[in-house]
Amino acid sequence: MNFDLTDEQQMIVDTTRKFVESEIVPAEEHLDPDAGSLEPHDFERLVTKTKEMGFYGLDIPAEYGGPGLDTTTRALMAIEMSQHRAGLYNPCYGVFGGAGLAQLYEATDAQKERWLYPTLRGEKKGCFALTEPSGGSDPARAIQTKGYKDGTEWVLNGSKLYISGADKADYALLFARTSDDPGRNGVTAFIVDTDSPGFFVRRVVHTLRATHYATELQFEDLRIPEDQILGEVNGGFAIANDRLSRQRIPYAAGCIGPAIKAQAMSIEWAKSRETFGSLLAEKQAIQWMLVDNEIDIRHARYCVLEAAQKADKGLRFRTEAAMAKLVATEAAGRVVDRCMQIHGGIGVTKDLPLERWYRELRIRRVGEGPSEVQKLIMARDIIGGSFK
Amino acid sequence: MKVVVCVKQIPDPALPGELNPTTNLLKRDGKLILDESDSYGVEMALQLVEAAGGGEVSLVSMAPNNEMSGLRTALAMGADDAILVSDENLAGTDALGTAKVLAAAIRRLSPDLILAGVESSDGYTGTVPEMVAGVLDLPSVTFAKQISIDGDTVKVQRQTEAGYDDVECKLPVLLSVTAGVVEPRYPSFKGIMAAKKKPVEALDLQGLGIDLNTVGLVGARQETIRVTEAEERESGEIIVDDGDAHQRIAEFLGELKVI
Ligand SMILES: Cc1cc2nc3c(=O)[nH]c(=O)nc-3n(C[C@@H](O)[C@H](O)[C@H](O)COP(=O)(O)OP(=O)(O)OC[C@H]3O[C@@H](n4cnc5c(N)ncnc54)[C@H](O)[C@@H]3O)c2cc1C
Ligand SMILES: Cc1cc2nc3c(=O)[nH]c(=O)nc-3n(C[C@H](O)[C@H](O)[C@H](O)COP(=O)(O)OP(=O)(O)OC[C@H]3O[C@@H](n4cnc5c(N)ncnc54)[C@H](O)[C@@H]3O)c2cc1C
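So the protein sequences, as listed, match chains G and Z. Under this note's numbering, think of the first position of the first sequence as 1, with each following residue one higher. Under this note's numbering, think of the first position of the second sequence as 389, with each following residue one higher.
Read the hints as simulated data drawn from the structure, not as lab findings. Just to be clear, a hint being listed does not mean it is correct.
[Unchecked claim] Which bits of chain G does chain Z cover? Going by a derived footprint, with three or more residues having C-beta under 8 angstroms, they are:
(1) 49–57
(2) 161–171
[Claimed, not checked] Distance condition first, Cα-Cα at most 27 angstroms in a straight line; then the derived BS3-like pairs of lysine-lysine:
(3) Lys533/Z with Lys313/G
(4) Lys51/G with Lys112/G
(5) Lys586/Z with Lys49/G
(6) Lys415/Z with Lys313/G
(7) Lys586/Z with Lys51/G
(8) Lys585/Z with Lys49/G
(9) Lys18/G with Lys584/Z
(10) Lys584/Z with Lys51/G
(11) Lys310/G with Lys584/Z
(12) Lys645/Z with Lys18/G
(13) Lys415/Z with Lys49/G
(14) Lys18/G with Lys558/Z
(15) Lys18/G with Lys543/Z
(16) Lys415/Z with Lys51/G
(17) Lys271/G with Lys283/G
(18) Lys578/Z with Lys49/G
(19) Lys112/G with Lys146/G
(20) Lys313/G with Lys584/Z
(21) Lys419/Z with Lys18/G
(22) Lys112/G with Lys124/G
[Unchecked claim] Example chain Z residues on the side facing chain G (calculated, C-beta under 8 angstroms, incomplete):
(23) Arg460
(24) Tyr512
(25) Lys533
(26) Tyr574
(27) Lys578
From a predicted model like this one, the values you see are computed outputs, not experimental measurements. Just so it is clear, CB atoms sit at the ideal spot from N, CA and C, and this is done for glycine as well.
Using the sequences provided together with the hints, build the complete structure.
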C-alpha cells in the first residue's frame, strides 16, 4: 500500500480544506447548532463557487459531466468535507452537489432522463427505501412489502421504516417482494414519485440526528407502471452491488473528519486548560487519551485508503470496504467521546460541535449495515461461502 | 498581454515555524506553499489578461530545493507557466539579492506588466518589488488596489491612508498589489489536473548568468543579528459593571484615542 498522495490529490485536499475553513465554517457560525442547511443566499453563493471550480456534483461520473473522481480522491475529500459542525450528515451543506442514488446509473435511458439527470442537476431529490419494520440488517429476507402485477402495472402494499429524507424527496427507490422466493431472488426495485396516489409518509421518526429525518412510509394500493422497474423483475438485489460497497468507503471517510477536528480541538484545549496547578496536556491520563485518539484516527484512515485503493485498482474490495466502515465508524465514536471527556463541561454544551458529532456518530454504527453485519460480510469472505 | 507575477513560496504559516539557531533564518526545508499575499497578484493578473481578451500569465519564484508546491497552486488557479530559481548558493540571500535573481528571471520573459505582493507573509520587509523595479530600471507603483490597462498605459488606484491616488504610467511597469483587494479564485478541478503539465523552467544561478558573489550569504548586506521572543500578550482588564462600566469603557477608548 502506498499512502502518499499524488500532487493532484494533495492539491484537491488543500483546496477542499481551504474551502471548508474559509467558506463553510464562517457561514455555519451564526446558524442554529442543529441546523441542516445554510442560509439560502450563502448556499447559492457557494454553489456558484463550486460550479466555477468544477467540483459541483462530486460523485457524478465523468461520462455524465462530473469530475469523475476516483474512490481514493473522493474519500480524501470526504475526510476534509466533514470537518465542520454539520459535517457528518450534511458535509459542506450540499454545496458540492448531490450525486443521485448510485443504483440509478443502472437505469434505462428513459428512467435516467426522468430521475437521474434532474437529480444530477440538483432539481430532484431521491430517497432509498429498503428497510422495513421487520428489519434492516437482512433486508433480503425481511422485506414484506408485497407487489403483484395487474395488467401493465404493479400494485404495492406495505410499509418502510427509517427512510431518510422521504419527507423532502421527489421520488423513492423502493424495494418490494414480487415472488414467492423468501430471499434475495424475490425482490424487485421500483422508482416511484412520492406524490403518487397510495404513497404516504406516515411520520417523521426523530433520532439522535439533528436533521435529515428518518421517516415511516406506507403504501396502499400504490400503482406503478412496469416501465418504472429498475433492472429486472425479482432482480432488485443484484443491482449495483459494486457501487453500494464502493459507497461505504466515503461513508467511512466522512466519520474521520469530525474525529480529526475533535482531536485538534482537544490538543489546543489540553495545552491551555489548567487543573490542579498544571496543564491538562502535562497529565499522562490526558496524553494517553490523545494518543489513543491518534491511533484510532490513523487506523481508520489506513483502512479507508486501503479499501479505496483496491477499488480504484479494480481489485476485490468487499472485505476492505466492510472493514473500513466498521473501523472508521467505531474509531470516530471513541475519539469524539474521549474529546468530550477532555473538554469537561463545555464539551457537552452546544457551544462546541462535539455534542452533535457525538450523537450523530452513534448512528453510523447502525446505518448502512450495523457493525455486526459488516463482520458477517468479512466472515463470509475470509472463512468461505459455505459458512453463510 | 504578458503579465509576470512574482510569487513567494513560504513555509505553511499554520504550522509552527522554526529558526536556524546559528543564522537566525527561517527553516525552509519542508513543503512550501503559495504565500497568500501573492495569491492576490495572481488573481489580478488572471483578471487583467481576461479583460484584455487574451495573453499570458507567467510566474517567477525563487525558492530552495526546487520546491514548487506553491507554484503549482498558482498554475492550478490558471497561470500559464513559471520560472523557478533554485540554487544551493542562494542560501542566506537577502532582499536585494532576491531582487537581483527575480529581475534576471523576469528579463528573460520581457513582460508588459510585473505584479508582486506589497509584502510577503514570512519575511515582510516589503522591499523586494521596488528593488526588482530598480534593477530592471522600470517605474514602479506601490499599493495598487485597482488596475486597468488602456493601450500602452496602466491606470492604478494607489491606496493611501486617506483613500487612493489615481496614478497613470506607461508600460512596462512593476506594480505591488495590496492584499485583500481581489478575491483569489480557488484552483479548479481542471486547473489542478492540468497544473503538472504546465511548463516550469527550473534555473540555477549559472543558468541565469548571476555572479555567485553578489547573492547568497556572501553577497548579503543584511544580517539577522538577534532574534528575541515576542512579549506575551498581557491579559486584558475585566470591567465589572457597578453602574459605571460604560464610563470606564469610554475613558479607556478615549485614552487609546479611538473615540
Ligand atoms: C539575511 C537574510 C537571509 C535570507 N536567507 C534565505 C535563505 O537562506 N533561503 C531563502 O529561501 N530565503 C532567505 N531569505 C529570504 C529572502 O530570500 C527573501 O525572499 C527576501 O528577503 C524577500 O524578503 P521579503 O520576504 O521580506 O519580501 P517582501 O519584500 O516582503 O516581498 C514582497 C513581494 O516580493 C515578491 N517576492 C519576495 N521574495 C520572493 C521570492 N523569493 N520569490 C518570488 N517573489 C518574491 C513577492 O511578490 C512578495 O509578495 C533571507 C532573507 C534575509 C533578510
Ligand atoms: C437515522 C437512520 C436513517 C436511516 N436511513 C435509511 C434509509 O434511508 N433507507 C433505508 O432503507 N434504511 C435506512 N435506515 C435503516 C438502517 O439501515 C437499519 O436501521 C439498519 O440496517 C439496521 O436494521 P434494523 O434497525 O432493522 O435492525 P435489525 O436488523 O433488527 O438488527 C438489530 C441489531 O441486531 C444486530 N445484528 C443484526 N444482524 C446480526 C448478525 N448477523 N449477527 C449479530 N448481530 C446482528 C445488530 O447489532 C443490529 O443493530 C436508517 C436508520 C437510521 C437509524
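Each hint tested on the structure:
1. Counting residues of the stretch 49–57 of chain G whose beta carbon lies closer than 8 angstroms to any beta carbon of chain Z gives 5, which reaches the threshold of three, so the coverage claim holds.
2. Coverage of a stretch by a chain is defined here by at least three residues with a beta carbon nearer than 8 angstroms to that chain's beta carbons; for the stretch 161–171 of chain G and chain Z the count is 0, and the condition is violated.
3. Taking the CA atoms of Lys533/Z and Lys313/G, the gap is about 49 angstroms. The hint is violated against a cut of 27 angstroms.
4. Proximity of Lys51/G to Lys112/G is assessed by CA-CA distance (about 22 angstroms); at most 27 angstroms being required, the pair is judged to hold.
5. A threshold of 27 angstroms between alpha carbons decides the hint, and for Lys586/Z with Lys49/G the separation of about 24 angstroms falls inside it, so the pair holds.
6. Taking the CA atoms of Lys415/Z and Lys313/G, the gap is near 39 angstroms; set against the 27 angstroms cutoff, the hint is violated.
7. With a C-alpha separation of about 23 angstroms, the suggested pairing of Lys586/Z with Lys51/G holds against the 27 angstroms cut-off.
8. Under the criterion of a C-alpha separation no larger than 27 angstroms, the hint pairing Lys585/Z with Lys49/G is consistent with the structure, at around 24 angstroms.
9. Between Lys18/G and Lys584/Z the alpha-carbon distance is near 21 angstroms, which keeps this suggested pair within the 27 angstroms criterion.
10. Proposed proximity of Lys584/Z and Lys51/G is supported: the alpha carbons are some 22 angstroms apart, at most 27 angstroms.
11. For the proposed pair Lys310/G and Lys584/Z, the alpha carbon gap of about 25 angstroms is at most 27 angstroms, so the pair holds.
12. Taking the CA atoms of Lys645/Z and Lys18/G, the gap is near 37 angstroms; set against the 27 angstroms cutoff, the hint is violated.
13. Between Lys415/Z and Lys49/G the CA atoms are separated by roughly 35 angstroms; this puts the pair beyond 27 angstroms, and the hint is violated.
14. Under the criterion of a C-alpha separation no larger than 27 angstroms, the hint pairing Lys18/G with Lys558/Z is inconsistent with the structure, at around 38 angstroms.
15. At roughly 33 angstroms between alpha-carbon atoms, Lys18/G and Lys543/Z are farther apart than 27 angstroms, so this suggested pair is violated.
16. For the hint linking Lys415/Z to Lys51/G, the alpha-carbon distance of about 38 angstroms lies beyond 27 angstroms, and the restraint is violated.
17. At most 27 angstroms may separate the alpha-carbon atoms for a hinted pair to count; Lys271/G and Lys283/G meet this at roughly 10 angstroms.
18. A C-alpha spacing of about 14 angstroms is found between Lys578/Z and Lys49/G, which places the hinted pair at or below 27 angstroms, so the restraint holds.
19. A C-alpha spacing of about 25 angstroms is found between Lys112/G and Lys146/G, which places the hinted pair at or below 27 angstroms, so the restraint holds.
20. Distance restraint check for Lys313/G and Lys584/Z: the Cα-Cα separation of roughly 23 angstroms lies within the 27 angstroms cut-off, and the hinted pair is therefore satisfied.
21. At most 27 angstroms may separate the alpha-carbon atoms for a hinted pair to count; Lys419/Z and Lys18/G meet this at roughly 17 angstroms.
22. Taking the CA atoms of Lys112/G and Lys124/G, the gap is about 12 angstroms. The hint holds against a cut of 27 angstroms.
23. For Arg460/Z, the suggested interface contact is upheld, since its CB lies about 6 angstroms from the closest CB of chain G, less than 8 angstroms.
24. Hint status for Tyr512/Z: violated, given a least beta-carbon distance of 22 angstroms to chain G, over 8 angstroms.
25. Checking Lys533/Z against chain G: minimum C-beta separation of about 21 angstroms lies over 8 angstroms; hint violated.
26. Given the 8 angstroms rule on beta carbons, the hint for Tyr574/Z holds: about 5 angstroms separates it from the nearest Cβ of chain G.
27. A hinted interface residue such as Lys578/Z counts as satisfied when its beta carbon comes closer than 8 angstroms to some beta carbon of chain G; here the least separation is about 5 angstroms, so the hint holds.
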